[in-house]
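Q: Residues per chain are reported as follows:
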Amino acid sequence: MPAKIDPDQVRRIARLARINLTTDELEQFAGQLSDILNYIDQLSELNTEGVEPTTHPLKISNVFRQDQIGQSLSNEQALANAPRTHGDFFAVPKVLE
Amino acid sequence: MIQKNVTSLGYRPTIGLEIHVELSTASKMFCACPNHFGDPPNTNVCPVCLGMPGVLPTMNRQAYEYAVLMALALNCRIAEFTKWDRKGYYYPDLPKNYQISQYDLPLGSDGYIDLLVNGQTKRIGITRAHLEEDAGKNVHDLPDCTGVDLNRAGVPLLEIVSEPDLNCVEEVMAYARSMRQLVRYLGISQANMQQGHMRFEPNISLWIFDDSEPDGGHYTPIIEVKNLNSFRSLERTVAFEIARQAEEWQADPHGYRMDKMSKQNRGWDDVREVTVYQRHKEEADEYRYFPEPDLLPVEIDDAWLERIKAQLPELPIARYARFREEFGLDEKLTTLLTSERTTADYFEAVIQAGASPRRAANLIQSQGMRLANEKGTDVAELGISPQRLAQLCKLTDDDTVSASAAATIFQAMLESDAPPEKIASERNLMQVSDTSALESIVAQVLADNAKAVADYKSGGKKAKKARSFLLGQVMQKSKGQANPKVVGELIDREVLGQT
Ligand SMILES: [Zn+2]
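Note that the protein sequences, when read in sequence, are chains A and B.
Read the first sequence against our numbering and you will find it ends at 97, with the numbers running on by one and no gaps.
Read the second sequence against our numbering and you will find it ends at 596, with the numbers running on by one and no gaps.
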């Protein structure tokens, strides 16, 4: 099977996902992702003419809740696991605006 | 910046507008946290809108129906089947690192809205309307970090995308204002600008007329300006961009064109009042959409759609046309009366209660709107029932009180529940139409102003002025309570011998 994905594409996807990869990892994941795509490609051997695309594996729709207010967390609870806080805020490195 | 004669300029602005509107549901889009502005940071949050692992979003039915209602008002085709998608991007105000949105199956598409611009109707195409969730807020004025408040994260947000049918600043503003009016008519958003309920993203380019080209011209590169949250910044941004692009085109007529440059994002600098370069669009747009596995699709059948349709009120433009026709009011007055649904409803209730349309319209405009403005409310909320205002209109129409007394009474009605007639008599504002009571004042004024009487009698150039002078004197002596019509008749009778 030919490689579906080359290391350059992996680098681009990694950048979009904000993940740092080493050169070795780029090679490794290019191989693994290609294997996955080749595996999935078996599906295209099936004739899907006239079959509607599946958007969800469950055959149900319209599961709503009523527009009613429920219990929220307290500020202390909300911030409890944050690596860094400032007053009532989550704190993150300065964002350039 | 409003260009009437576009061909003489050599270009025509071509503008599309994306509008984000926060819907005024009680709770958020996918969790039960309050959708409420102004609370202490990070108190309207839960594991779902904080983006904790292992949680499940659940759809707010009201938000969906509000969005469909707007799509119907915009004459959109309503999708029988929609699903949700994840739009991936990284910003601290988006804790999941994706936004739940509708990508390829928006709930509404191919609609339009008719605008009134300078008395002319212009139809603007609506490409799509879809529902998504709002992000939180980043706070930038902290000393050594950016603060994140996620109270707004997950608030239902309706995105409406227009076709690039807007051709000048005026049309952009009419479109934006009509959208605000419409969501307020529908009652699906307060559209409070100060609270960020509405944000604008114009896409601006110029069509350059050039007969030597096969298409008769070309476009300048599209500029998108993100996140404008006031009408003022929208207006200035669009005006600035039109001028800036025209300048760039004039400086480089052959290079500054869409097919040679990619789309750009620029940001509006409110202090310097300029747009500034941000980034090329293509790098930014890799959102890696994919279907949201945590949410089920939505299917609208006819019965449900009919139930939503039944909630559509008479829309502003139809109401405007009807008011003009039915009540014979001028453009300006009709625009004012139909600007808010509550005001239009109130006006009609006053008519129902027996007032003449013209009098009701004038009193609502001259007194009601002024007082409502001062109090930061709207006319219907002033506390004057339609019945009481109708009574005041009738008193004014039958000359029981003068127009200026009506203004005073209107104001007094804010502080008193008494019928206007009672207020009028308590405050001595009843107009004197009784001829015998006025005759002595008229006689005295005529005796004291022999010159004016002579001028009036002479019928010359000064006659008209002399008559108004005499009338004014009588009004003054009666402390404004005389009926000017009756006084005028008395003066004419005494001076000219007419009856
Ligand atoms: Zn929540």
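It should be emphasised that the hints constitute simulated quantities derived from the structure, not laboratory data.
Glycine residues also receive a C-beta, built at the ideal position from the N, C-alpha and C atoms.
Treat each hint with caution, since some may be false.
[Unchecked claim] Covered by chain B, per the in silico footprint, the following chain A stretches (three or more residues, Cβ under 8 Å):
{"hint": "1", "region": "21-31"}
{"hint": "2", "region": "36-45"}
{"hint": "3", "region": "60-66"}
[To be verified] Computed far set for chain A versus chain B, every beta-carbon distance over 12 Å:
{"hint": "4", "residue": "Lys-4"}
{"hint": "5", "residue": "Asp-6"}
{"hint": "6", "residue": "Glu-49"}
{"hint": "7", "residue": "Glu-52"}
Q: Run every hint past the structure and note whether it holds.
A: Consistency of the hints with the structure:
no.: 1; hint: 21-31; in the structure: violated (count 0)
no.: 2; hint: 36-45; in the structure: violated (count 0)
no.: 3; hint: 60-66; in the structure: holds (count 7)
no.: 4; hint: Lys-4; in the structure: holds (17 Å)
no.: 5; hint: Asp-6; in the structure: holds (18 Å)
no.: 6; hint: Glu-49; in the structure: holds (20 Å)
no.: 7; hint: Glu-52; in the structure: violated (9 Å)
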